[in-house]
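Engineer: Residue numbers (numbering that gives the first Met the number 0), protein chains in the order written: chain L, 0 to 336; chain Z, 0 to 751; chain S, 0 to 172.
Do not rely on the hints blindly, as some may be mistaken.
To be verified - In silico DSS-like cross-links for lysine-lysine, where the CA-CA straight-line distance does not exceed 25 Å:
| id | chain 1 | residue 1 | chain 2 | residue 2 |
| --- | --- | --- | --- | --- |
| 1 | L | K333 | S | K23 |
| 2 | L | K333 | Z | K184 |
| 3 | L | K333 | Z | K437 |
Claimed, not checked - Chain S regions said to be covered by chain L (calculated; three or more residues, Cβ under 8 Å):
| id | segment |
| --- | --- |
| 4 | 40-51 |
| 5 | 106-112 |
| 6 | 130-143 |
It should be emphasised that the hints constitute simulated quantities derived from the structure, not laboratory data.
The structure displayed is predicted, hence computed values, not measured ones.
Where a beta carbon is used, it is the ideal one built from N, C-alpha and C, also for glycine.
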Amino acid sequence: MNRFDYVRAGTVAEAVQAFGSDPSARFIAGGTNLIDLMKYNVEKPGRLIDITRLPLNTIEERDGGLRIGALVSNADLAYDDRIRSRYPLLSSAILAGASAQLRNAASTGGNINQRTRCYYFYDEGTPCNKREPGSGCPAIGGVNRIHAIFGASDACIATHPSDMCVALAALEATVQVTGPDGDRAIAFADYHRLPGDDPAKDNTLKPGEMVVTVDLPAKDYGQHHTYLKLRDRLSYAFALVSVAAAFELDGQTIRTARLALGGVAHKPWRNLEAEALLQGKPATRENFQAAADLIVAEAKPQSENGFKIELARRAIVRGLEQAAAGTPQTQSDKRIQ
Amino acid sequence: MATQISPASGRDTFVGRAMSRVDGPAKVTGLAKYAGEFAAPNLAHGYVVSSAITKGRITAIDAAAAEAVPGVFKVITHENRPSIAGEAEAYQDMVAPPGAPFRALYDETIAFSGQPVALVVAEDFDTARYAASLVRVSYEAETPHTDLEAQAGSSYDPPEKRDGIKPPPEPWGDAGSAFDGAAIKVSQQYRIAHEHHNPMEPHASTVVVEDDGTYTVYDKIQGVANSQLYLTNAFGLKPEQVRCLSPYMGGGFGCGLRPQYQLFLAMLAAQDLNRSVRVVLTRDQMWSFTYRPGAVQTVSLGADTSGNLQAIRHDALHGTSQYEDYQENIVNWSGILYGCDNVELTYRLAKLDTATPGDMRAPGAVTGVFALETAMDELAYATRIDPIQLRIANYTDTDPVEEKPFGSKALKACFRQGAERFGWSKRNPEPRSMRDGKELVGWGMACGIWEALMMESSAKVTLTADGRLEVGNSTGDIGTGTYTILTQIAADALGLPMEHVTTKLGDTDLAKAPVAGGSWTAASSGTAVMKACRDVAEQAFKLARGLEGSPLANVDFERVVFSKGRIEVAGDPAKSVVLTDVMRQTGTETLEATGSASPDKDFAKQYEAYTHSAVFAEVKIDEELGIVRVTRVVSAIAAGKILNTKTARSQILGAVVMGIGSALHEESMLDHRLGRFMNRNLGEYHVPANADIHDIDVIFVDEEDKANPLGVKGVGEIGIVGTAAAISNAVFHATGKRIRDLPITVDKILAA
Amino acid sequence: MLIESGSPGADARIGITLTINGEKREIDVAPWTTLLDLLRENLDLTGTKKGCDHGQCGACTVLVNGTRINSCLALAVMKDGAEITTVEGLAGLAQSQGVNTLHPIQEAFVEHDAFQCGYCTPGQLCSSVGLMNEGHAKTREEIREAMSGNICRCGAYTNIVDAIEDVMQGAAR
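Isolated chain L, as found in the complex:
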């Protein structure tokens, strides 16, 4: 771990000011990803701004939805009564991720900002375009069974590791940020980015900006939803493929469909075309298969992860079935519904 200045901010304004224009500065809250990366010498902040004392630790009603402070822990969020009753998809996705200890420490803002999953990115002994732009991507043609099947580039095939973010993508949350140039709102779909030729950037935050709240819209998909996570062991492992699925149904007819995938791309993966395809259709396996086929049609395998395409196709169908039937996956129940 490198050495750094430590600043403990008392207000949001102080935090933003402390960051200033220092490109090596980092905000820290739960620290569960940043300290991990610092120990691998992947992140070497010159200045750490401790934001844990900022007044951003509440969940409040707003416009029929909920406004989640950036410092609300993953556990507090998942077990909040309002979240459990109105946004059970979000609660379930959070509980699918990491471990109880990590969820207790990790913050909402930090979860959104966690870096991508890739063996090479974490290993300073190897090249990596994300870590050292221009050095190359050995994951391509290397050990890549966990890597992206959607939206990857010749520069980077890493995946976004978050489960929570997959649910937030499906729920169409909005991320409120503040920074040197003031406040702005970022639609969740625009928050994370694909690697393109600039994989160093995981998201669209500008330098010095910090997440203040994550806002959930009124539409909560409380009745028909699921978070289905498939992985190499039954707990405490990142997703090979995960599916956040949600419906509004009129009887057996789909009024609205939301579907986001985790573990398959540099960001939570949505395909609006597939969601549109389902709209107005009966909630049948055939229609779910058609949506899944449409989604995986644009998947591109790497040398070792072709199986994820078929796994994703099947997981999408099952996730949509779970959501439609109102039998969401319980994360402690390892039998898949």
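Given the coordinates of chain L, assemble chains Z and S onto it according to the supplied hints.
Structural biologist: What follows is chains Z and S alone, placed relative to chain L:
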């Protein structure tokens, strides 16, 4: 004929029962200290810089920035290290395979990825770690070769055999023709991935420089004598200058059998700086030394239509390093487990640019028995014979290789009791015939086998006038329960309560004992303790008999029993004396004895000794998604006498869990272009988590064995052997897909 | 600004207050020292274990204000003012609640042989107490899932769950 000794001078009060660990309170309060936790005045901290390349040489090391960090004492490299022994033999430890052992910081050569290239020594851990990140190493890299199958063409029969590892036996019969002529044939290739031990405690050593210039060394090692031997040879020290201790060890599973490079580096730095030094490896660095080598095997079984084996061929290939020929027994099991007239077994190595692989829990057997027992399941389907019946049809009470009977082999009882507990009779053998909702249900079984070994060992016991007994030797308790079973044995031998017995282990100042491994500790050190106690008992008896008016005056030692603090006449407890009274009345401060144990050569001339098991597994597999759950395991074990049913059960439970890991999860993934294991952390190298483990049922079947006076055979390894085969067989039964490549991950299920 | 530590020089130390196992302590700490390293290296509380140092094994689990976290991924300076309970303090925790020996979970771990080498045990114990404080896990299945952040390479999982169930049932009686 060896001296016949009775099993004990006392009677079984604690032995054979479920006793809680005597070291339990220390472990649940955090007071048990491990190698990297011992303090010393002015302790310096070493942090290892690891090679970024796999093969080649170091061209330059720039440590200026690191050494400029306040608090850094020195960055030790091959260029500035103190003089050390030059010849490779000096680095050979007690269990080293043939070859020239790796010498850390010896020269500029890089032989494997993650090889230590520098040690940063600083006044605290944070400083050492930070400075290590500033060391710049330049390399001239060569193309590494780490792909076993690509190197298969240059594989070889190891010219020098590893001590203690039997090479494959000479073939008998004519396996080739018998196979060709067999009515039923099964011949397939089986693979197992590289696995890393990953004990929870990373490797650590603390070298304390004492005022008199001697060294007290706390090392993560399964036997301190090995660390002491290694240090004395490599650094030209005398044994009395180096005391090695390892009172607790945070898991070994074999990776603590050989002294590892952190020990060498800690001593090197301690000598260089003349101050105490601790070196702790990172989790990442736990991939920079020993591992269970991945292997490619072919098993061919020929049988008649009744399932009688007519030919067995088993060929195995695994990798080793460029500098040592690590060998393990993979194929020999195929000649021992079943009776067959035509058997041919071969075993080859290939050189890889990795560190030397090494023993990992049931080394060789995990690999070979997986292949054999999966092949047997394939044969069961090919012959349409129940898997248990097939094994009974080919059962042998004689070791076909040595042509000697087994001293005991209660495997049929394992089949019977295991099958009953599991409910095997309700199994429909048809693949895909059993389901539970969306899940396919599979039931599979397999046999396990491991050698019942015994090594030369000694132990010293001291009885004090207050009736307290101290027991000790240098072997380690690596979580196996050795403290507890030795305490039980000693307490029973002298008729004392367990609380009055203190067992000390893991210290070269104690009586000499072998490293803890191979499941030989209970037999070896247990027997030594028993004999030492018996000696003390005899001394106490003589004192008691000499007391004025002693009720034991005309009684032979063979007729007394030590029980509840008394020496009493067997069958006539009214005739007794209190042990502490004997000590007090004779003015005896202490009675002590050293007992030694060694394998019974006469027994070995007549018998072969193995443990056996029958493992039954239930899997449930989501039919559409291919996610596997191991929902039940029943492991029926025949391992002679069980000294402590609580700790022995835990050994089997833990081994089954590791077997589940081997079957479903564990795989160290190499990027062959870089020659580097890429998933070097516990987030990406998956070992089973709590949620992966459901019901595990352990049965110890009764088995009497006479290989040693305790009648024990050891339980550390047997629980893992065959577990992966039982699971892979269950996966076949569930899905109709035969996956011969461990671990059985979802991609393989979908592809099959 | 509440605190602005000086430069990243070697002498940068920040004074913090931690209540560790019931004892209030004023400690000068470097900003880059984790809570785990502070406990183990500076305060000789080596009961808390370092298994991976990356939040992937749970051996370093401690209770911070009654909540279980991985102390390897927490900077000590950020926990200024917190109450920390480590394995060394579990018995004291029980004593403050009127139990006069070990914490019931410690007794249960010994009774159920819920460990072998003992290295993951302090983390398993603190995690178990954290789990019971949280109150979400009730069934065996839920306990397994909620304890999955604590890897046990010796494979004592079934015994660990038995021990926790035992204590939970005892508390319910």
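Engineer: Each hint: holds or not?
Structural biologist: Structure-based check of all given hints:
1. L/K333 - S/K23: Status violated; Cα separation ~43 Å.
2. L/K333 - Z/K184: Violated, at roughly 39 Å.
3. L/K333 - Z/K437: holds (12 Å)
4. 40-51: Our answer is that it is violated, as 0 residues pass the Cβ test (under 8 Å) against chain L, missing three.
5. 106-112: violated (count 0)
6. 130-143: With 8 residues in contact (Cβ-Cβ under 8 Å with chain L), the coverage given for the segment 130-143 of chain S holds.
In this structure, the earlier hints numbered 1, 2, 4 and 5 are contradicted, and the remaining ones agree with it.
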